[in-house]
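Sequences listed follow chains A and B, in order. Going left to right, the first sequence walks through residues 1 to 247 as the numbering used here numbers them. Going left to right, the second sequence walks through residues 248 to 505 as the numbering used here numbers them.
Treat the hints with care, since some could be wrong.
Stated by the list, open to error - Footprint (simulated), chain B over chain A, 3 or more residues, beta carbon under 8 Å:
| # | segment |
| --- | --- |
| 1 | 11-21 |
| 2 | 80-86 |
| 3 | 90-96 |
| 4 | 103-111 |
For the record, the hints were derived by calculation from the structure and aren't laboratory data. All figures in this text were calculated on a predicted structure; none of them were measured in a lab. We treat Cβ as the ideally placed atom computed from N, Cα and C, and that holds for glycine.
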Amino acid sequence: MGTVLTAEGLVKTYRGRRALDEFSLSAVAGEIVGLVGRNGAGKSTFVEVVSGLVRPEAGRVRVCGVDALDRRQAARALMGICPQETALYPAATVAEHLRLFGALAGLRGAALRGAVDDIVERMDLADVAGKPTGLLSGGQRKRTQAATALVSARPLLLLDEPTVGADPATRSRLLAVVAARAAAGAAVVYATHYLPELAELGATVAVASAGRIVARGSLDNLSPDRLNRMLVGAGRTVEDGDDAHAA
Amino acid sequence: MTLTLPEAGPRMTALARHNVVLMLREPGPMISRLVQPLVLITLMRPLYVAALARDGVQAGTVQVVTGMLVMFSLLSLSVVGTGILTERSWRTWDRLRTTQAGALELLGAKAIPAFGMLVVLEAEVIGFGVLAFGLDVRDPALLVLAVVSWALALLGMGTALGAVLRSQSELNVAYDIGGIVFSALGGALIPQAELPGWSRAIAPGSPGYWAMAALRSALRGQASATLRDAAVLTAVAAAAGAVAAWRMSRGQPRSRLL
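Required output: the full structure, derived from the provided sequences and hints.
This is the structure in structure tokens:
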């Protein structure tokens, strides 16, 4: 399995606070890395750095051997990115979003139409494909947002909490597509608070805390107690958090 | 991997098409800017013709047509700036920045429909002046130069304001007050010669002044004056565009106001 993503020693400071503090993470082709951690642990900042939105003070990022900090545009050609916050045009339809992001990913003509049709089908968006996203439900908007990242097959997928606020059907659809992309050889970094999703995906886990990765391994190898301490803190358990999510 | 123009071309085409669709889905502001100057030119022309009777009928027509053109095109900055600001408030600008499209591609594709709208607005007002009131155009080529350079300046200023300001209300203040001040200082409402001395002294600081000068010179067929005025407007466009490109390529810190 070839290494798709290598991030080493990333440092990013906001107003004197280190959002990333020697953050390092790698992912190989076909691997799904579940990036977990409390709010403020550095998950989203890491995704922003890799996707080229934020420039770190130190460290390096390589995607399929391409320096993602010096050659951002070239590196972005290798990534599908789903940011944490939903970012859609209210007046544009679902299909128009998918055509736009497919075209920006380099798809043309029949390939673009085929890719749009495929992701519409996989994400169960056929009924709303012609609707402006401003008229969609929250779950439909989440699916559309994720579909814009998944419309083209890329070696690296960066998904930042893609199921927050999503209904079970949306979550299930998305996880199926992510698993399929990984099975086809993509490396996936999946930032989330929800461990059951990672178990369903068969993901390895990277635990972020205070801007760095403090534990890495399979869900089976990381003890629940240790995960609780790292993710939830005293007074709550992972199960509590998961129950709240499932509710 | 090397990114080349053949790769950027289709991306810009897709983005520009997308921006045209967005603009046409909410046409209200555009329609408003296209209709208002025609109404005011029609109603106010007799006043300007009477006030400038000593210089002939054509002087009044030139004043009202160029004046309304400059004022309403300045007010149309709201359409350009709002297009940028909404991208920021919807977070779609950063979403686009995570794609292969570079900052210049994104800004360029955003500018194409806005530039088209500004040129259409100017062409419509001048065409209306010609057809309805016999506005005399001595040199159409010079007029095209004046129209295009003014549209570029407007585009640069609107984009820069949309990139720098933090909220729709800040934009509204900038466009409403800025549009009226720049128009008035430029002589769009009252001929320059009739303005107080202090305002004539500071008028060259207003892009509206150079737009009025460029349009008048072009209508009179004065090539060197038109070229000078168009050069100033192009410099304004370049400076404002550079500010916008610099700001937008850096991403947007989360504003409490957006």
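Enumerated hints in conflict with the structure, sorted upward: 1
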